[in-house]
Every structure is written in C-alpha cells, then in structure tokens.
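One letter stands for each residue in the lines below.
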Amino acid sequence: MHSATPLPLRVLIADDHPMMREGIAASLTAHGGIEVVAQASDGDEAIHLFTRLRPDVALVDLQMPGKDGLEAIRAIRSLHPGARLVVLTTYDGDARIAAALKAGASAYLLKNVPGRQLAATVREVHAGSHVLPQALRREVAIHNAGDALSPRELDVLRLAAVGHSNRAIGGQLGIGETTVKTHMSAILVKLGANDRAHAVTLAVQRGFFDL
Amino acid sequence: MDDARPITLLIADDHPLILAGLAALIRTEPSLMLVGEAVDAVAAVDQYLRLRPDVMLVDLNMPGGGGLEAIRKVRALVPDARIVILTTYDGDEDVHRGLLAGASAYLLKQSGLDEVVHCVRQVAAHRRYLAPGLAEKLAARVDANRLSRRELEILAHLAAGLSNKLIARTENIGVGTVKYHVNNILSKLNVSCRTEAACVAARRGLIQPYWHALP
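So the protein lines, in turn, are chains A and B. Taking numbering that gives the first Met the number 0, the leading residue of the first sequence gets 0, the next gets one more, and so forth. Taking numbering that gives the first Met the number 0, the leading residue of the second sequence gets 0, the next gets one more, and so forth.
Hint data in this document are derived by calculation from the structure and do not stem from the laboratory. If you're wondering where the values come from, they're calculated on a predicted model, not measured in any experiment. Each hint should be verified, as a subset may be incorrect.
[Unchecked claim] Calculated cross-link-like contacts (lysine-lysine; reagent style DSS-like; alpha-carbon spacing at most 30 Å):
no.	chain 1	residue 1	chain 2	residue 2
1	B	Lys187	A	Lys66
2	B	Lys164	A	Lys189
3	A	Lys101	A	Lys66
4	B	Lys136	B	Lys178
5	B	Lys164	A	Lys180
6	B	Lys178	A	Lys180
7	B	Lys187	B	Lys164
8	B	Lys178	A	Lys189
9	B	Lys187	A	Lys180
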C-alpha cells in the first residue's frame with residue numbers, strides 16, 4: 000500500500016492530572032505523526048479504554064487513584080500480551096523502575112522529560128525497543144538486583160513504618176517476634192540502613208513502597 | 000480593573016509537559032493571556048521583573064534555588080507581586096512555607112482548568128486561594144503541636160538514620176538533650192517510635208525527602 004503520509008501512531012494517555020494529560024497531548028501532537036485517541040484519569044479507565052481502542056502505545060502514570068499504574072500495566076499486559084506501555088511518572092527509585100519493567104512496561108520516563116524526547120520514545124517503543132534514560136539506568140545499576148527486598152520483608156517494613164513494634168508486626172503477620180527480628184536485620188543490611196527509621200526513609204526513596 | 004483586558008500570566012515550571020499543558024489550557028480561555036515561561040528559579044525572577052505579569056504561577060521544585068527562593072526574591076523587589084504556587088506537594092508544612100514566602104495562593108497540579116482560572120482571577124483581584132482540602136490541613140496544623148526549628152533539624156537527622164549519639168555529635172549538644180528533643184518530637188507527632196516519626200515526617204513535608212532534591 001502506498002499512501003503519502005503513514006497513519007499516525009495512536010496513543011492512549013493515563014494520568015490523573017488534567018494539566019499533565021493536556022501537556023502530554025499537546026506535546027505529542029506538536030511533534031507530528033502521533034494522534035492521542037483517548038485520555039484516562041485512573042487505572043480502571045486505562046484498562047477499559049485500552050481494551051476498547053487498542054492504541055499502538057499507552058503512556059501510564061504510576062500514581063493514580065483506584066487501580067494504580069502498576070496494576071493497570073499488569074492487567075493490560077495480561078489481556079493484551081503485545082501491548083506497548085510507557086511509564087511516565089514523577090518518581091524515580093530503582094525498585095519502582097524494576098517493578099514497572101517487570102510488570103511489562105517497555106520504557107520508563109520522568110515527567111520532566113522534554114516533549115520531543117517523549118515523542119521519540121513513543122516511536123521507539125512502538126518499533127519494539129525498550130527505553131530507559133541514562134540517569135535511570137545508572138540508578139538501577141548502582142543497586143544490584145541481589146538486594147531487592149522480599150515480599151515478606153516489605154510486609155515487615157510497611158508495618159514498622161506505621162509504628163508497630165516487632166511483637167505487633169509478628170502478631171499481624173502470624174510469625175514469631177524472633178522471625179520479625181531476623182527479617183528486620185536482613186532489611187537493614189540490604190538497604191544499608193543504620194536503623195529502622197533510616198530503612199523506611201531509604202525504602203520510600205528507592206520506591207519499594209509509597210507512604 | 001478593565002474587564003476587557005485579559006489577565007497576563009507568567010509560568011515557572013521545569014516540566015516542559017506541564018508548561019505545554021498549561022499553555023494549551025490558557026489558550027482556550029480568553030480571559031487569560033500567557034506572556035512568559037521560565038524553566039528555573041533564576042529565569043522566573045528575571046522574567047517577572049521584565050514582563051511584570053498580573054500573576055505568576057510557580058512550581059516549588061525547580062533547579063536554581065527552587066520556587067520558594069524565586070517567590071521571596073520577587074516579593075522583596077515587588078511587594079505586591081501576586082504569585083500562585085502550583086505543585087504536587089500537599090503537606091501542611093509545604094503549604095505553610097509557601098504562604099510564608101509570599102504566595103497568595105496554593106494550587107495542586109491535579110487541579111482542572113476551571114480551578115486554575117478561578118484561582119488566577121481571585122489572585123488578580125488581590126484575593127487569596129487555597130486548593131480544596133488544604134485549608135483543612137492548615138487548620139489542623141494550628142491544633143497540632145508545631146515542631147520547633149531545633150526539633151525539625153533533629154527529625155531530619157533521625158530520618159537519615161543517625162543515632163542519638165551521632166545526632167548529639169553533629170549538633171554539638173549532649174545525648175540527654177537529643178533524647179529530650181526526640182521524646183518531644185514523638186509526642187508532638189503523636190507517633191510511637193522513631194520509624195513512624197520518619198514516615199510521618201516525609202508524608203507531611205517536615206523533612207525534604209530525596210525526590211524533592213531531584214534536578
């Protein structure tokens with residue numbers, strides 16, 4: 000088929016901030032060859048619109064009300080294994096980046112990205128590439144994969160963050176206080192934290208969980 | 000004020016996407032006119048002085064000293080400058096610091112166009128505006144036990160994982176004094192331990208978590 004202009008890439012935007020959605024749409028449209036086919040303001044709407052419209056690429060914010068971006072990405076990828084998804088978020092943090100890529104995102108960008116770079120990333124991801132800017136690659140590389148917190152350790156740290164003692168954490172999780180202590184020691188070592196308070200600060204910074 | 004004349008706006012934000020979004024929104028609103036954009040705090044002050052817009056919208060987290068610094072500088076040079084903070088941070092301490100620096104209004108980036116327009120009109124008419132929910136947070140803060148400057152410093156050390164002994168050495172005070180402050184901090188924040196204090200501090204904007212410092 001020979002057409003003068005190729006069909007524009009069809010893009011879905013999922014972000015709970017109207018100003019950001021508007022900016023993404025304006026920037027992508029300005030760089031040509033990209034058409035914004037729909038905007039979603041939460042995870043559920045993103046899943047619904049993706050299924051209905053089958054865009055070439057979806058841009059997904061991580062922090063959204065209801066189903067968050069990570070859940071939306073997992074759901075979309077399980078329904079449509081070939082879906083091309085780009086995370087566009089305010090927050091870095093190696094654990095957050097790793098979780099997004101594992102969930103099935105092809106690219107991870109911060110919201111201070113220039114419009115031109117965003118448009119270029121959409122095209123690359125559509126062509127099948129994975130895109131991670133240099134600064135984020137460095138962040139992931141600095142923290143080697145070996146020191147990821149296990150789901151159990153995350154449970155322990157989350158409860159510690161809201162002020163529970165080891166005994167109370169043990170009670171909530173149905174494990175002994177000694178086991179909690181063992182987990183906590185492992186957490187401190189893995190994060191390189193001096194104490195529990197420091198561990199919470201570091202875990203939030205690196206994106207193991209949000210407050 | 001001449002009703003026919005649009006309100007002139009300067010936006011300072013280091014996110015090109017937010018700038019593009021606001022510009023697109025403002026273009027659809029005939030009562031507003033965008034006259035300038037700045038991507039850091041230094042440019043924000045320069046542009047303000049050069050363009051003298053009716054209202055300036057400022058992001059808090061920008062390179063070159065940050066939004067608060069830009070607000071203070073502009074207000075020192077132009078005492079009746081009308082400035083709106085536009086940010087993602089909604090902790091009571093963030094709001095308090097912003098208003099203290101001289102902002103007339105505090106908007107969150109999740110606001111829709113209607114709210115932005117309403118806020119800008121209020122501020123242009125020399126009134127003040129707070130995004131929904133923020134007034135309540137500020138009110139709650141009056142009841143809450145305010146932390147002293149000293150306690151905030153110690154809280155920051157605590158969240159960074161310093162022991163009482165190390166805090167004492169860093170601040171050049173006795174360990175007993177540190178313990179005394181830490182106990183007061185726990186009771187003022189209504190938390191049961193240091194770990195929870197670090198968590199509450201980050202959530203309320205009492206300490207600057209690391210993403211505040213992103214370039």
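Structure-based check of each hint:
1. Distance restraint check for Lys187 of chain B and Lys66 of chain A: the Cα-Cα separation of roughly 34 Å exceeds the 30 Å cut-off, and the hinted pair is therefore not satisfied.
2. For the hint linking Lys164 of chain B to Lys189 of chain A, the alpha-carbon distance of about 24 Å falls within 30 Å, and the restraint holds.
3. Using a Cα cut-off of 30 Å, the hinted pair Lys101 of chain A and Lys66 of chain A holds, with the two alpha carbons roughly 17 Å apart.
4. For the proposed pair Lys136 of chain B and Lys178 of chain B, the alpha carbon gap of about 29 Å is at most 30 Å, so the pair holds.
5. Between the alpha carbons of Lys164 of chain B and Lys180 of chain A the distance comes to roughly 23 Å, so the proposed pair stays at or under 30 Å and holds.
6. Between the alpha carbons of Lys178 of chain B and Lys180 of chain A the distance comes to roughly 24 Å, so the proposed pair stays at or under 30 Å and holds.
7. A threshold of 30 Å between alpha carbons decides the hint, and for Lys187 of chain B with Lys164 of chain B the separation of about 22 Å falls inside it, so the pair holds.
8. Restraint check for Lys178 of chain B and Lys189 of chain A: the C-alpha separation of about 28 Å stays at or below 30 Å, so the hint holds.
9. Between Lys187 of chain B and Lys180 of chain A, the direct Cα distance comes to roughly 28 Å. Compliance with the 30 Å bound is thereby established for this hinted pair.
In the structure shown, a violation is registered for the earlier hint numbered 1 alone.
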